[in-house]
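Asks: Read off the chains here:
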Amino acid sequence: MKLTDPDRLFPVESATRKLARDLYESVADLPIISPHGHCDPSWFAKNERFPDPAQLFVVPDHYVFRMLVSQGVSMADLGVPSADGRAVEDDPRKIWRRFAENYHLLRGTPSSMWLDHSFEHVFDLGERLSADTADAHYDHIDAKLAEDAFRPRALFDRFGIELLATTESALDDLKWHKMINDSDWNGRVVTTYRPDNVVDPEFEGFAENVAQFGALTGEDTSTWEGYLQAHRVRRAFFKTFGATASDHGHPTARTEDMPQADAAALFAKALAGTCTPGEADAFRGQMLTEMARMSLDDGLVLQIHPGSFRNHSASVFAGFGRDKGFDIPSQTDYVHALKPLLDAVGMEPSLTVIVFTLDETSYSRELAPLAGAYPALRLGPPWWFFDSNEGIKRFREATTETCGFYNTVGFNDDTRAFCSIPARHDVARRSDCAYLANLVATGRLGLADAHEVAHDLTYRLAKQAYRL
Amino acid sequence: MKLTDPDRLFPVESATRKLARDLYESVADLPIISPHGHCDPSWFAKNERFPDPAQLFVVPDHYVFRMLVSQGVSMADLGVPSADGRAVEDDPRKIWRRFAENYHLLRGTPSSMWLDHSFEHVFDLGERLSADTADAHYDHIDAKLAEDAFRPRALFDRFGIELLATTESALDDLKWHKMINDSDWNGRVVTTYRPDNVVDPEFEGFAENVAQFGALTGEDTSTWEGYLQAHRVRRAFFKTFGATASDHGHPTARTEDMPQADAAALFAKALAGTCTPGEADAFRGQMLTEMARMSLDDGLVLQIHPGSFRNHSASVFAGFGRDKGFDIPSQTDYVHALKPLLDAVGMEPSLTVIVFTLDETSYSRELAPLAGAYPALRLGPPWWFFDSNEGIKRFREATTETCGFYNTVGFNDDTRAFCSIPARHDVARRSDCAYLANLVATGRLGLADAHEVAHDLTYRLAKQAYRL
Amino acid sequence: MKLTDPDRLFPVESATRKLARDLYESVADLPIISPHGHCDPSWFAKNERFPDPAQLFVVPDHYVFRMLVSQGVSMADLGVPSADGRAVEDDPRKIWRRFAENYHLLRGTPSSMWLDHSFEHVFDLGERLSADTADAHYDHIDAKLAEDAFRPRALFDRFGIELLATTESALDDLKWHKMINDSDWNGRVVTTYRPDNVVDPEFEGFAENVAQFGALTGEDTSTWEGYLQAHRVRRAFFKTFGATASDHGHPTARTEDMPQADAAALFAKALAGTCTPGEADAFRGQMLTEMARMSLDDGLVLQIHPGSFRNHSASVFAGFGRDKGFDIPSQTDYVHALKPLLDAVGMEPSLTVIVFTLDETSYSRELAPLAGAYPALRLGPPWWFFDSNEGIKRFREATTETCGFYNTVGFNDDTRAFCSIPARHDVARRSDCAYLANLVATGRLGLADAHEVAHDLTYRLAKQAYRL
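Line by line, the protein sequences are chains A, B and C.
For reference, each letter of the first sequence is one residue, going 35 to 502 in the numbering used here.
For reference, each letter of the second sequence is one residue, going 35 to 502 in the numbering used here.
For reference, each letter of the third sequence is one residue, going 35 to 502 in the numbering used here.
Do not rely on the hints blindly, as some may be mistaken.
As the list makes no split between identical chains, a pair holds if one copy fits it or if it spans any two.
[As the list claims (entries may be wrong)] Straight-line alpha carbon distances no greater than 27 Å define the calculated DSS-like cross-link-like pairs of lysine-lysine that follow:
#	residue 1	residue 2
1	Lys-303	Lys-80
2	Lys-427	Lys-52
3	Lys-80	Lys-212
4	Lys-273	Lys-80
5	Lys-373	Lys-209
6	Lys-128	Lys-427
Just so you know, these hints were derived from the structure itself, not from any lab.
With the sequences and hints as input, model every part of the structure.
Replies: Written out as structure tokens, the structure reads:
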């Protein structure tokens with residue numbers, strides 16, 4: 035028995051399936067470009083073995099444990115580290131068993147596809163995970179993890195990753211990236227400039243962060259001009275570790291382009307901790323436009339990830355902290371929100387701004403029309419809950435007719451689950467090829483063109499958009 | 035000629051169709067669980083014959099008559115009872131003929147599927163309804179209705195209904211349920227606690243209703259504490275008639291969890307009739323959280339049905355009253371609205387809150403992410419305008435990848451059209467099996483798993499979620 | 035090699051494809067009814083040759099040039115006339131080459147389908163446009179344009195257009211329509227009453243426009259009563275040139291039904307230029323209801339086209355003016371916005387109000403429920419970015435189950451790209467037949483009914499809704 039179907043995600047009608055399979059086979063073995071994600075660079079710096087199956091697949095993956103929590107399994111029983119000192123399960127085998135006996139909860143989800151793909155293609159397992167197979171799977175995976183071939187660098191090479199971008203705070207010293215660069219390993223791991231903690235007045239410790247930012251850069255970050263200069267300096271530092279992009283996770287897509295004097299005054303309020311919520315939002319919005327202007331100078335690609343209501347459950351946040359599966363999308367406006375930035379820099383062909391969304395209603399109504407007009411704007415791939423077969427299908431169906439393929443930027447896996455990287459790229463390649471096959475079968479795209487587009491979506495557009 | 039295709043709603047590709055048919059055949063004959071609906075309990079209490087075809091299929095069914103009204107047929111000509119004393123058609127055959135000659139207006143709608151299913155499978159008719167067949171159909175159905183086999187209890191049994199929940203106001207004396215319980219009939223008809231008229235300060239006669247509520251329960255409903263206690267008493271009374279759930283139809287999904295003193299003050303304003311619209315909305319929102327807390331004690335499942343702009347046409351409301359097909363969905367927020375309730379009780383695995391929507395944009399953006407995280411939250415099936423083949427398809431496609439199958443609760447028919455119950459459950463079973471077959475055919479779900487899920491969606495999840 | 039697939043847009047499964055093909059063949063050759071669009075009536079009045087391929091296909095078509103602009107080609111290089119005096123490319127062959135070498139950007143878009151259809155079926159070209167074929171295509175098309183058979187009237191006849199409606203401002207003298215009427219040509223080209231420039235207080239030169247409106251009609255448009263009377267007079271004038279409809283492009287769908295004295299006071303403020311933005315919106319909303327009341331008297335169909343954020347890019351608007359591909363849809367409410375108008379006149383079966391949307395979320399949530407209830411309301415076909423195969427599919431899937439087919443009004447091409455008219459109607463006919471074939475194949479519609487509906491959607495409903 036196999037866990038994965040060789041024709042998975044292809045159209046069901048046989049001729050169209052054949053088209054999809056042919057398209058897929060032409061791109062299946064292309065290298066993986068992973069220009070946006072959250073892998074831990076220390077994995078590749080230290081190249082230590084992954085501790086155990088539970089730590090590899092369950093404990094850090096909020097896609098997985100949230101589903102068990104939603105059905106009444108406690109986070110503590112799944113070993114999720116607590117923020118309030120409460121005891122949590124520390125026996126990885128017990129965590130694994132709880133995961134295994136609830137594996138049916140993931141039926142029909144992308145997580146189950148990614149996990150089955152990893153089990154079969156990374157660990158060579160052929161039986162479905164369940165209460166019955168839990169221990170055998172655990173032992174098998176644990177034994178594999180002890181092998182050199184399953185250390186991070188070996189897996190990176192085996193996965194065919196040509197480039198992997200991680201994401202680091204503006205205050206990060208990038209020591210792991212330095213260690214990778216200094217090593218004899220040739221894997222290409224680059225960083226991404228993520229300044230939320232020095233850009234968002236509502237971030238914990240904002241003023242202290244900005245002071246530290248000044249110390250790191252040698253700029254006087256108590257002034258608006260010095261603060262902007264510190265960003266320029268830090269962006270240059272990140273570029274020396276391969277960064278080609280910045281990334282911004284904001285509650286909304288709001289941008290501003292206020293006079294510099296007003297921005298300076300708002301920055302002073304932010305440092306003083308006296309911003310209203312509206313002013314904090316305006317400051318974040320102003321900083322997106324400032325970052326875009328810096329990008330015109332230094333060439334970094336600007337990524338905007340808006341629209342997540344973070345830490346929705348007060349008790350989960352108090353007990354377990356951030357990134358625990360309780361970030362909920364909310365309605366997101368782009369047409370009004372992006373106008374200040376677009377009026378400032380949107381017509382610049384040398385700038386690339388990549389916008390993501392968690393609000394699918396914006397694809398056809400706002401994002402595709404905007405990306406199909408402004409030279410600076412590109413659409414990021416389906417994000418988070420929409421990084422899935424249906425999510426990708428809806429994205430292509432809702433955007434292609436209005437902004438084509440060439441205002442999109444290939445795939446991002448956006449993951450901290452390392453073993454899922456080949457699985458996620460595989461789902462994206464299959465889903466895109468299924469979409470293209472359907473266009474060919476219905477006379478909307480020529481076959482040769484479809485092959486070229488498949489290659490573009492898999493490989494070329496990501497390299498081009500992220501300037502890799 | 036047959037009115038219904040044996041393979042209706044199955045995928046068109048032959049292998050996938052075969053999969054769907056196999057799945058469907060394994061659940062087609064399972065008993066019907068109808069845990070939420072609006073059948074009249076007096077039908078089963080009195081077990082009188084249904085009066086005539088027009089009264090059975092046209093006059094009370096706003097799904098049907100609204101479509102004719104939308105094309106210029108007057109409500110009065112369709113025999114819809116007036117609220118302002120105007121004369122309406124009282125000849126059922128004339129009503130039926132008007133219905134029949136406009137039957138083509140329902141092409142492509144779920145109503146036409148349900149009606150054709152009823153005509154063929156309940157009444158054994160084989161010709162499409164039209165002006166030409168109107169009289170023959172009328173005579174045939176009318177003759178059947180005179181038979182004992184077509185009385186409410188006999189149809190209930192014939193339809194294979196294991197349980198049917200009706201919905202009664204908190205002020206209802208449940209006499210029909212008592213009569214059913216006291217009868218020698220074994221059909222299981224239970225009530226549901228629907229307290230809108232004593233919870234919504236904007237309901238006609240709110241203060242009088244609350245006073246009557248006090249009289250019924252022996253509690254002093256002029257105080258906040260007494261009012262809450264009256265709910266506890268009345269919920270217990272409803273439980274003695276089989277209630278396992280409460281139901282709440284609010285304009286928005288707003289919840290509140292204000293300090294009890296503030297809630298008491300707001301209740302006083304509500305009784306005094308001095309609430310602003312915003313305060314009335316806040317009071318309704320507070321009551322959802324209060325009901326959830328009572329559910330923790332008494333085990334009733336909490337159902338929230340928000341987002342309908344009721345009685346949109348002022349003239350229709352003045353002329354014909356409520357529930358006349360002029361209730362229009364409106365945009366509904368859940369991510370902010372439900373947070374107070376979820377912060378209060380959302381992490382309680384012993385609580386079940388079932389949320390419905392008329393705003394499909396919330397499926398993937400808000401509802402599935404929330405239900406895929408909070409243990410207390412479940413998604414109700416597609417509601418009202420979305421209780422349809424395409425509605426169910428979009429629901430599964432938009433929610434499954436994020437919250438799986440097990441945060442959904444099976445099917446609700448939600449109907450007052452008794453003969454449509456088997457038809458609606460059949461559409462749901464076929465639509466779910468079509469979805470599952472497609473997952474199997476595209477390698478997203480194993481066949482054995484699909485069979486288990488089909489059974490769960492048809493039968494087990496409804497019983498489990500509603501604690502039946 | 036052919037540019038278009040004879041089975042394009044049909045379902046891929048062979049039996050369903052056969053059904054779709056049969057349905058399509060029964061309507062493929064029906065005359066084109068084009069009841070809403072933006073062709074230039076002077077084409078048909080003067081019947082001069084189209085100047086060159088670039089002026090025919092690129093320069094005036096913002097669907098096309100926006101996509102090239104979005105990828106960094108400048109508008110000036112595409113010959114788009116400037117509003118600020120800057121020089122723009124004036125060599126049509128250079129414009130055409132730029133278009134040709136970027137033709138791949140349109141892959142997967144409706145524009146590429148329409149263009150390929152025009153190239154093959156109007157100009158008898160068989161090779162895909164590209165840098166390699168640019169000059170040959172240019173020469174070929176240019177030579178054809180010199181032939182009498184490619185003059186506007188000849189193409190109109192060849193396209194099988196039974197009726198074409200253009201759209202003129204309330205201040206237009208309709209001289210081209212007069213010239214057409216006075217000619218010996220029998221083509222039926224009618225006008226549409228579009229009063230935005232005398233209805234929108236925020237339109238450039240509103241007060242002067244209203245004064246001119248008074249001069250044209252002989253009414254005293256400085257008073258509210260005279261202003262309304264001027265509309266009545268002008269509508270009657272437009273009717274003498276075949277108008278059966280008015281059209282209104284507003285930022286929102288807001289309607290109002292204020293007391294006449296309030297409306298008069300607001301009109302005075304509008305003339306004085308002292309309206310706030312909210313008051314201007316209210317005035318526009320009031321005028322929709324006034325227009326609807328006039329329609330009750332004179333029978334003109336009322337079309338509402340709301341929800342476009344016009345001229346989103348300040349710099350493009352400054353440099354190139356209106357209608358340059360930078361109009362972006364925004365979220366649009368209908369359920370609250372239309373209530374004043376619907377309360378005033380929505381139950382009138384003799385009135386037809388056709389509502390369009392650029393916000394697809396409103397189809398199932400608001401528009402189909404409203405159109406499935408109010409006798410005066412009909413849904414316009416998918417508009418602008420949604421006039422496409424996927425757009426039509428989503429429209430039918432989202433609306434049919436709730437408002438059926440008969441609350442929709444057939445197809446509008448809404449175009450100023452003359453050669454795209456047969457292509458657009460062909461896409462609509464194929465897409466509708468594909469939808470109907472799928473209903474038949476899944477047992478949701480009888481085959482004979484499907485044939486009748488196909489004819490209705492292609493021909494009868496447009497004539498009926500627009501009273502042609």
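Asks: From the Cα coordinates, with 27 Å as the cut-off, is the pair Lys-128 and Lys-427 best called within, between, both, or neither?
Replies: The answer is neither: 37 Å in one copy and 37 Å across copies each exceed 27 Å.
Asks: Using 27 Å as the alpha carbon limit, work out where Lys-427 and Lys-52 are close: within a copy, between copies, both or neither.
Replies: both (18 Å within a copy, 24 Å between copies)
Asks: Evaluate Lys-303 and Lys-80 at a C-alpha cut-off of 27 Å and name the case that applies: within, between, both or neither.
Replies: neither (42 Å within a copy, 65 Å between copies)
Asks: Given a CA cutoff of 27 Å, do Lys-273 and Lys-80 count as a within-copy pair, a between-copy pair, both, or neither?
Replies: Only inside one copy: Lys-273 and Lys-80 sit 22 Å apart there, 62 Å across copies, limit 27 Å.
Asks: Is it within a copy, between copies, both, or neither that the alpha carbon of Lys-80 lies no farther than 27 Å from that of Lys-212?
Replies: Close inside one copy (11 Å), not across copies (73 Å); limit 27 Å.
Asks: For Lys-373 and Lys-209, with the copy left unspecified, which applies at a CA distance of at most 27 Å: within, between, both, or neither?
Replies: neither (38 Å within a copy, 40 Å between copies)
Of the numbered hints stated above, those contradicted by the structure are hints 1, 5, 6, listed in ascending order.
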